[in-house]
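*Asks:* Read top to bottom, the protein sequences are chains A and B.
The working numbering puts the first residue of the first sequence at 1, with every later residue one more than the last.
The working numbering puts the first residue of the second sequence at 405, with every later residue one more than the last.
Keep in mind the hints are simulated off the structure, nothing from the lab.
Don't take each hint at face value.
[As the list claims (entries may be wrong)] Label-pair restraints from in silico Cβ distances: (1) B:Leu-541 - A:Gly-61: 27 to 37 Å; (2) B:Asp-648 - A:Gln-360: 32 to 42 Å; (3) B:Thr-426 - A:Ser-251: 49 to 59 Å.
[To be verified] Simulated coverage check for chain B against chain A, where a stretch passes if three residues somewhere in it have a Cβ under 8 Å from a Cβ of chain A: (4) 445 to 456; (5) 460 to 469; (6) 607 to 616; (7) 624 to 637; (8) 649 to 658; (9) 765 to 775.
By construction, the Cβ of each residue, glycine as well, lies at the ideal position given by its N, Cα and C atoms.
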Amino acid sequence: MNGVTRRVLLHVGAPKTGTSFVQDILFTHREQLRARGILYPADRQDAHFLAALDLMDLPWGGLERQATGAWDRLAAEVRDWPGTSIISHEILGTASRVQVARALESLEQGDTELHLVYSARDLVRQIPAEWQENVKHRRTRTYGRFLDDLRSEDRRSEMAQWFWGVQEVPDVLDRWASTIDRQRVHLVTVPPPGASPTLLWERFAGVFGIDPTEFTPSDRANTSLGVPESAMVRRLNVELNGVLPNEHYRSLVREMLVHRNLSQRPDSPRLALPADVHVWASDLGRRWVSELALRGYDVVGELDDLVPGEPRPFADPDHCDERAVADAAVDALAIMTQEAAKLRDVEVELHGVIGDLTAQLERFRGTRTYRAKEKLVRLSETNVLARAGLWVYRRLRGRNSRPA
Amino acid sequence: MTSSYEQAVWAWAAHLRSGGTTPWSEHGTREAPTDVPTRTPVPDAVHLELVRRLNLASGGRPLPWLADHVLTVGAPGRGRVDVPLPWEPAPQFGTRPIDPSHLPVEELLRLAVGVLATLLPDVRPPRMDPGTTRWPLPWRRRFRLHGSPGTVAAVREGLLASGPVESDWRAVHVVLARPVDVMMAEQWSRTIHAGGTSPWNSLWRRAVAADRLPRPVDVATIAARLLRQPGVRERDVHVVAARDTAGAASLTAALLSVPPFHPEQHGELAAIDLVRRVNVVGAIAAGPRRVRELTATAVSLLDDPAAPLPEPSPVLVPRRALTWARAVAARTTDQLSRADYAVHGDPEVLAPSEHQQPGTIDRERTLELALAACLRAWQRQEGPR
Numbered sequence: 001m002n003g004v005t006r007r008v009l010l011h012v013g014a015p016k017t018g019t020s021f022v023q024d025i026l027f028t029h030r031e032q033l034r035a036r037g038i039l040y041p042a043d044r045q046d047a048h049f050l051a052a053l054d055l056m057d058l059p060w061g062g063l064e065r066q067a068t069g070a071w072d073r074l075a076a077e078v079r080d081w082p083g084t085s086i087i088s089h090e091i092l093g094t095a096s097r098v099q100v101a102r103a104l105e106s107l108e109q110g111d112t113e114l115h116l117v118y119s120a121r122d123l124v125r126q127i128p129a130e131w132q133e134n135v136k137h138r139r140t141r142t143y144g145r146f147l148d149d150l151r152s153e154d155r156r157s158e159m160a161q162w163f164w165g166v167q168e169v170p171d172v173l174d175r176w177a178s179t180i181d182r183q184r185v186h187l188v189t190v191p192p193p194g195a196s197p198t199l200l201w202e203r204f205a206g207v208f209g210i211d212p213t214e215f216t217p218s219d220r221a222n223t224s225l226g227v228p229e230s231a232m233v234r235r236l237n238v239e240l241n242g243v244l245p246n247e248h249y250r251s252l253v254r255e256m257l258v259h260r261n262l263s264q265r266p267d268s269p270r271l272a273l274p275a276d277v278h279v280w281a282s283d284l285g286r287r288w289v290s291e292l293a294l295r296g297y298d299v300v301g302e303l304d305d306l307v308p309g310e311p312r313p314f315a316d317p318d319h320c321d322e323r324a325v326a327d328a329a330v331d332a333l334a335i336m337t338q339e340a341a342k343l344r345d346v347e348v349e350l351h352g353v354i355g356d357l358t359a360q361l362e363r364f365r366g367t368r369t370y371r372a373k374e375k376l377v378r379l380s381e382t383n384v385l386a387r388a389g390l391w392v393y394r395r396l397r398g399r400n401s402r403p404a
Numbered sequence: 405m406t407s408s409y410e411q412a413v414w415a416w417a418a419h420l421r422s423g424g425t426t427p428w429s430e431h432g433t434r435e436a437p438t439d440v441p442t443r444t445p446v447p448d449a450v451h452l453e454l455v456r457r458l459n460l461a462s463g464g465r466p467l468p469w470l471a472d473h474v475l476t477v478g479a480p481g482r483g484r485v486d487v488p489l490p491w492e493p494a495p496q497f498g499t500r501p502i503d504p505s506h507l508p509v510e511e512l513l514r515l516a517v518g519v520l521a522t523l524l525p526d527v528r529p530p531r532m533d534p535g536t537t538r539w540p541l542p543w544r545r546r547f548r549l550h551g552s553p554g555t556v557a558a559v560r561e562g563l564l565a566s567g568p569v570e571s572d573w574r575a576v577h578v579v580l581a582r583p584v585d586v587m588m589a590e591q592w593s594r595t596i597h598a599g600g601t602s603p604w605n606s607l608w609r610r611a612v613a614a615d616r617l618p619r620p621v622d623v624a625t626i627a628a629r630l631l632r633q634p635g636v637r638e639r640d641v642h643v644v645a646a647r648d649t650a651g652a653a654s655l656t657a658a659l660l661s662v663p664p665f666h667p668e669q670h671g672e673l674a675a676i677d678l679v680r681r682v683n684v685v686g687a688i689a690a691g692p693r694r695v696r697e698l699t700a701t702a703v704s705l706l707d708d709p710a711a712p713l714p715e716p717s718p719v720l721v722p723r724r725a726l727t728w729a730r731a732v733a734a735r736t737t738d739q740l741s742r743a744d745y746a747v748h749g750d751p752e753v754l755a756p757s758e759h760q761q762p763g764t765i766d767r768e769r770t771l772e773l774a775l776a777a778c779l780r781a782w783q784r785q786e787g788p789r
């Protein structure tokens, strides 16, 4: 190894902590990083997402079918790299101990220095963000029921199991970091609102060993939906679930409607927590901080960043201003109508192409040779001799032209 | 070994590994064995309870290799993460402890399917019998079956053994109709056996939204389409409506003037559901190209005539779809009654079967089948174990 330490930095979440923008920087600049001895092994933007699906055998609306063997390939690249490697995906946070053991074993080789990175944000910001993420993934549960599910002791609902699986900081770190030296467990906290916009990237870059000024974030960001827009999309999900295939939902609703349009509506109120839930989330955040302070992890930022700030005004998406929902729905209808019109144009264009091809085919069918052949095939349906002749002809010609 | 909890868990694991079936709540020994695997994480309630259920299903025969294998398989999909066993003090964070005997069946099923998916690639796949095809010579009776896929397959097999040949040329077209719930189950089975992953309820949701039966079981539309085909005469198209496969076989045999035969019947909802779950995991673990192979292997494990499984449970229409199922059956019955082609049997049989109450797949039954399939897959593993 000539004195170079093989380091693997494994970033396992949490969702909604700036992971997408970090992954975007790492993917966009992967060649420059490689030249500096840092490997971000990805041939496509979602390579680590697919690897995570593979590691956890996690179905994801059909995308998992592209994931077979993705983790092993990723791990093999990492093992072959002599310098620093970075793996990053937020859904890894929910891996079970058996899956964690498999992941770590596949990455280790000789004197590998394995570092675990987990980024966390206070619950008061995480809870509304996760509900909106659920809504963008076709879920129909109301905000009120979602909050009840999160607070239920038995965590019976699948949504609650997923939420705590990726967001419960002490537990995620218990599962992922129990066999890793605590100084190599890096807890990156998301700064509170109002902090410098580059501060989070500087924290990540510090852990990754990257100069934060050399590679800067692009404009790509997961902008959040407003309250009436969230309510509208949730209701839309109720109508579309079980009817619209996932691939159409992804392109039409999530990408075109939500990300490119509804998230850009500036005047809508942002989602927050009701007062009682704010108190509960704040208490829980403080318990986490107390526990984490005892563990001796390398905290990048401040543990107090995980203690929520003052409550923000709460607008309830389950009982929100119906005029605002209607406004959002009309905007959505306008966007969808324009899209439908574009698709109609494409359809008309394709009909023109089909018309041309049909005319060419008709001209071909009008030829004397074709008419004779057609007559022979028709005759073969009733005449044994003609059928035998046709069979011999097809055998001699060497390929079967009978319809399937 | 870091805590008494871990010692107690490993002690129970050792008991289960030796074929034990004592539940966690009754297991007294808390001394861990000396040969605890150092790199294996402490097993959770779901893994250990699944081993216990496998032991129960195998009659308490020790299955140490299978038990060790189960402990290394991560449960696929979404659900509770690492369920601890009840212990004082309870952990402050993470999934809440659950007594293994009271685990939700879905959690055990999730892991059982994961285990099965890891065993299937090393089971010799079943030999596919391509069947014998005979020439559609003019003096032979020719038929083409349409309609409910499972019934079509069973009747087809019986007919071919009786002499007629399958052909499109001047054939008698027989559309086989069954109660709509049975036809939907057979259509679902067909898509799942082809590697599909859609749940039973989704099939119904889509049909209700489109307000029509899926194309392969929309028997009235199939018959009408056949009549429009060039060269097909009214007397060549027949619809056979029967409540069960035997009835469909009997009516079709009479129609084609062949001796009566007894068709084989396959599949039940829980078994199809299990194969569907295997397809979901198999598509990730083995890749979409190998899914059909795994599906065939899983089906062969469930269909093993040497070890028949207990009586299948009846088909149940999802609660939300029951009204629509009755309506579409009535509509189809009406279309068949007014049609120009011959209808054999009573079209009223299309009405969905009346059970105590509508519902969906019995997950306990799916788990029972999954355990049986795991044991059979383990017995048929190729290579060292």
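*Asks:* Hint numbers the structure violates, sorted upward?
*Replies:* 1, 2, 5, 7, 8, 9
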